[in-house]
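Q: Going down the list, the sequences are from chains A and B.
Residue numbering for the first sequence is 1 to 263, as defined by the numbering used here.
Residue numbering for the second sequence is 1001 to 1344, as defined by the numbering used here.
A portion of the hints provided could be inaccurate.
[Said to hold, decoys possible] What follows is a set of in silico ranges between Cβ atoms, one per label pair, in the way DEER data are often shown:
hint: 1; chain 1: B; residue 1: ASP1161; chain 2: A; residue 2: SER25; range: 21 to 31 Å
hint: 2; chain 1: A; residue 1: GLN145; chain 2: B; residue 2: LEU1059; range: 51 to 61 Å
hint: 3; chain 1: B; residue 1: THR1278; chain 2: A; residue 2: GLU38; range: 14 to 24 Å
hint: 4; chain 1: A; residue 1: ALA120; chain 2: B; residue 2: PRO1063; range: 50 to 60 Å
hint: 5; chain 1: A; residue 1: GLU38; chain 2: B; residue 2: LYS1071; range: 49 to 59 Å
hint: 6; chain 1: B; residue 1: ARG1152; chain 2: A; residue 2: GLU38; range: 50 to 60 Å
Because the hints were derived from the structure by calculation, they are not lab data.
Positions of the beta carbon are idealized from the N, C-alpha and C atoms, including for glycine.
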Amino acid sequence: MLVLERVSKEFRGRRSLFTSGRTVSALRDISLAVERGETFGIVGESGSGKTTLTRLILRLDMPTSGRILFEGDDMARLSAAAMRRLRARIQIVFQDPYASLNPRMTVHDIVTEPMLIHRATLGLDQRTRTARAAELLAMVGLAEQHLHRYPHEFSGGQRQRIGIARALATGPAMLLLDEPTSALDVSVQAQVLNLLHGLQQRLGLTYVFISHDLSVVRYICDRLAVINRGEIVETGQAEDVFRNPANTYTRMLLAAMPDLPSL
Amino acid sequence: MTEPPLLDIRDLHLSMTSFDGEAHVLAGVNLSVRRNEVWGVVGETGCGKSLTGLSISRLVPSPPARYLGGKILFDGRDLLSLDEAGMRNLRGHRIGMIFQDPTTNLNPAFRIGEQLVDVALAADRRNPDILGVAARAGRRARRRAARDLAVRTLAEVGITDAAERIDAYPHEFSGGMRQRVLIAMALIGRPDLLIADEPTTALDVSVQSQILALLAGMVRDHAMGVILITHNLGVVAKACSHVAVMYAGVIVESGPVAAVLRKPSHPYTRALMSSIPTSGVRRGELKGLPGQVPNLIKPPRGCRFAPRCAQAAEACRAGPPRPVDIGGGHMAACLKPGPAAEAA
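Excised from the complex, chain A in its bound form (with noise of 0.2 Å):
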């Protein structure tokens, strides 16, 4: 469903305002590939490059070299209305749901407007969104009567509702999940990750699931890459991964997770 093709990213410093600094690779040959309905877990810790990964995916950058392939169409050949329809297609849930969603829209406002935005390829008039707003909520276990509040009368975890709800609002393939339970409480993880789950199971979802948490990773995720320093050091079924890493970071990584067995 995705693939990448030995994509590499690099930004160029800058020393002063003429010359030119050196350039930093962010990324280098990341090949990987992602089937679909499958959970696939990106794992790196903070500078690893991950966030440049996401953006990369998106569309917010370009690749410096090598191709990104969606339903293998090259993104970086469509034309700005395909991109846009592609768009609907690929959407992402945020980190921090205190940070993502605008504290002066309400919970409909929010979940609509990417429905308004992708209104052209959805066709959707304004009834027929209120009406999926209020079936996103129910759907991620809100309740219509949430429609009308704002985000600060929420909790973390429904606030991580609310992103979950306006990522499916134009029907997407697939999800970039970047740390979506980093910021909540593990009772609320749990729910959240068992929620996640539900909806693939019954939207048929692609999941690229972006963590550093390697316990949240082994439980959500089928197969996963391990990305150190803009490289990818290792790749495989999630449990595979778990039970004999190959690599000497993954292993060390995997020594330092704290975990409860562990006793």
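Given chain A's structure and the hints, the job is docking chain B onto it.
A: Relative to chain A, chain B alone:
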């Protein structure tokens, strides 16, 4: 057990005034910490972990906070009856603090070294042993000694080339290194008690394990007592000797780490533990904890966990349960402690 505890919090009650009324945010917290003990304080957001920590260093602004009752005995002295000058004598010197976000707790406009030297000089005023210079030594000599101490402490917390890095500004350091600087800053006055409020939450796991190892070494070398506030039970399992589980302003379960985590006896502790994805749990079968933390302006009358507890009975709603010892200092504030009928 003969030595009196370093810190003894007895039945601490704290309320906060808000627009909606008065919230009873700490409702009878009991905690005692001895030297060489690392107490993990865990619980969800808003359960009073940080307020407990901040109360010890008397950093809770009041108003809006009001202490309704209880004592915080530090070396036998009640901190709640101490004035601000008395507290200043303790903070940074006898009681060290580390906070969650290393970025906002360092002044970006000053070099690391200057900030450390300030702390060292302030600590030296209370305890001249810290710099080890003669009382009549001049300002210059004092500063030089403070700087040497800063370099030594930085090296001690694992910053390589401390002598050169000391003149760097905070922005030149990574998150993990900044956290080390804060730890160095907390340790420079040789505190007896260290309060670390989520010291590793903002950090990567590999840095986290380094910092935890560092803390363990510090406890060993300085015979400190530590209160480690965290929401991560994995961190507790790794770094603590004891644990106190908080819920809605009450410690619901406490005791030696191994006892509590092997035999969680309060339903809330069990719920927390079963929320953590472990290798045995199949996808979609993770147990969360339904419901929400109660409104503390009108808290439930009996056990504060009862509204979310699967085993709650009529008796649980009558009055708050007292903590009972279920063996070896393992306390649980539950009418029906012990493993649940359905295996957790």
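Q: So the hint says 49 to 59 Å: do the beta-carbon atoms of GLU38 of chain A and LYS1071 of chain B match that?
A: holds, 57 Å
Q: Confirm or reject the claim that ASP1161 of chain B and SER25 of chain A have a C-beta distance inside 21 to 31 Å.
A: Holds: the Cβ-Cβ distance is about 26 Å, inside 21 to 31 Å.
Q: Using the Cβ atoms, figure out if ALA120 of chain A sits within 50 to 60 Å of PRO1063 of chain B.
A: Because 55 Å falls inside the window, the suggested range holds.
Q: Given a hint of 50 to 60 Å, does the C-beta separation of ARG1152 of chain B and GLU38 of chain A actually sit inside it?
A: Holds: the Cβ-Cβ distance is about 53 Å, inside 50 to 60 Å.
Q: Between the beta carbons of THR1278 of chain B and GLU38 of chain A, is the distance compatible with 14 to 24 Å?
A: holds, 22 Å
Q: Please test the hint of 51 to 61 Å on the beta carbon pair from GLN145 of chain A and LEU1059 of chain B.
A: violated, 40 Å
When each numbered hint is compared with the structure, a violation occurs for hint 2 only.
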